[in-house]
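Residue numbers (the working numbering), protein chains in the order written: chain V, 18 to 231; chain L, 18 to 231.
No false leads were slipped in.
Below, a list of computed lysine to any residue pairs in the SDA-like style, where the Cα atoms sit at most 25 Å apart: (1) K74/L - D217/V; (2) K212/V - Y227/L; (3) K99/V - Y227/L; (4) K171/L - Q183/L; (5) K171/L - Q195/L; (6) K212/V - T203/L; (7) K145/V - A192/V; (8) K99/V - I216/L; (9) K145/V - G116/L; (10) K53/L - V181/V; (11) K212/L - Q59/V; (12) K145/V - R124/L; (13) K99/V - A220/L; (14) K171/V - G66/L.
Cβ pair distances, simulated, as ranges: (15) R231/L - A92/V: 23 to 29 Å; (16) V29/L - D163/V: 49 to 55 Å; (17) G147/V - N90/L: 47 to 53 Å.
These are calculated hints, taken from the structure and not from any lab test. Quick caveat, the model's predicted, so the values are computed rather than measured. A virtual CB, placed ideally from N, CA and C, is assigned to each residue, including glycine.
Each chain is listed here by its residues.
Number of protein chains: 2
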Amino acid sequence: MADATNAKRNKVVPDIVVGRLPLYLRTLIRLEEEGKIVTSSQELATRLGFSSAQIRKDLSHFGEFGKQGTGYNIAYLMQQLKNILNLDAMWDVALVGVGDLGHALARYGRFVPKGFRIAALFDADPRKIGTRVNNIPVQNSEHIVDAIKQAGIKIAILAVPLDVAQDTADRLVEAGVQAILNYAPTTLIVPPNVKVQNIDPIAHLQKMTYYCER
Amino acid sequence: MADATNAKRNKVVPDIVVGRLPLYLRTLIRLEEEGKIVTSSQELATRLGFSSAQIRKDLSHFGEFGKQGTGYNIAYLMQQLKNILNLDAMWDVALVGVGDLGHALARYGRFVPKGFRIAALFDADPRKIGTRVNNIPVQNSEHIVDAIKQAGIKIAILAVPLDVAQDTADRLVEAGVQAILNYAPTTLIVPPNVKVQNIDPIAHLQKMTYYCER
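Just chain V, with the same shape it has in the complex (with noise of 0.2 Å):
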């Protein structure tokens, strides 16, 4: 029987593995969409474009979760990733920055289904500040740190100008968040206890003209 838990709690597990189990989950998530109870390390290889082996070495970090033969139980590996990445109740998420991405990222309707609601809304302009977006209200920036500490929020994205976006980072710190999805063009510098991913189309464009042609 794994106990994905107590794996977690025991060894360090390498962060590139841990940055593919939120695929691996989403694969599930589509076999189980399909109708299908149990799958194969190869299913998920050929879904993934990773090789078998890789995938069973990944989940191996954190328990047995097939038997040799038989592949794995859909749902049973589901809500082992989801004790896993800690997903197994609703997160609240500040978003900071209402332009048009925090607009698109407010209006997602991705983030409830996947275990993310966004629960406030931030921006610094007055003509926001007390609209709705997505029905939810717009706070003045300015009691960002309070606002947070007060709603527990532990998790928020940064979706600001680059020129605010490390007083920013430095004000979600402050109020106890520990992960930020950064959407500014930028390395936010934080402390090594807070989590930081960054999604710039910019520099995902520029690694691939690496191996384009004209």
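Position chain L relative to chain V; hints supplied.
This is chain L only, laid out in the frame that chain V set:
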């Protein structure tokens, strides 16, 4: 004297190193904007949160860009990185899917200064076809293969719903696209000569909740 083009032709650089080059370039541009002429691997390390040894090793794949003790000339290293990343001229980009996210991307002001011009928009919705976003007409995605071929576009941004993502990717490949920035939350199956970079905020958030405490 560095010869980045030859370095690139003659050996295979690890993909993870290529992925860090846009971050070096982004940081160099920032340093130049701050009025600096010369930088060091130590300064880049502080800005980026990498070790200075890693930065020196990454850059050494492409030649000798700095002298021991005098650091890197920022303008020169920027130009070399632009050459390596094929950013010497503007890339035309096709954006497929003009929903909330597609809208935000079509209006995103950083593409052009960083070497990417949204040259064509596509959508399947008859109410959107013929309208303009940021003065670019939305074309019928039924004609996407011919339109992209005729325009000679090699890079696409995919912002379509999940259920049509793979089919759309197949048509982009048929049209000669070499690089796809994929915002649909699924793994695209493409030929080995086509590069894909994935942006899925859910996967990024779920990677971080692994480390979070409620």
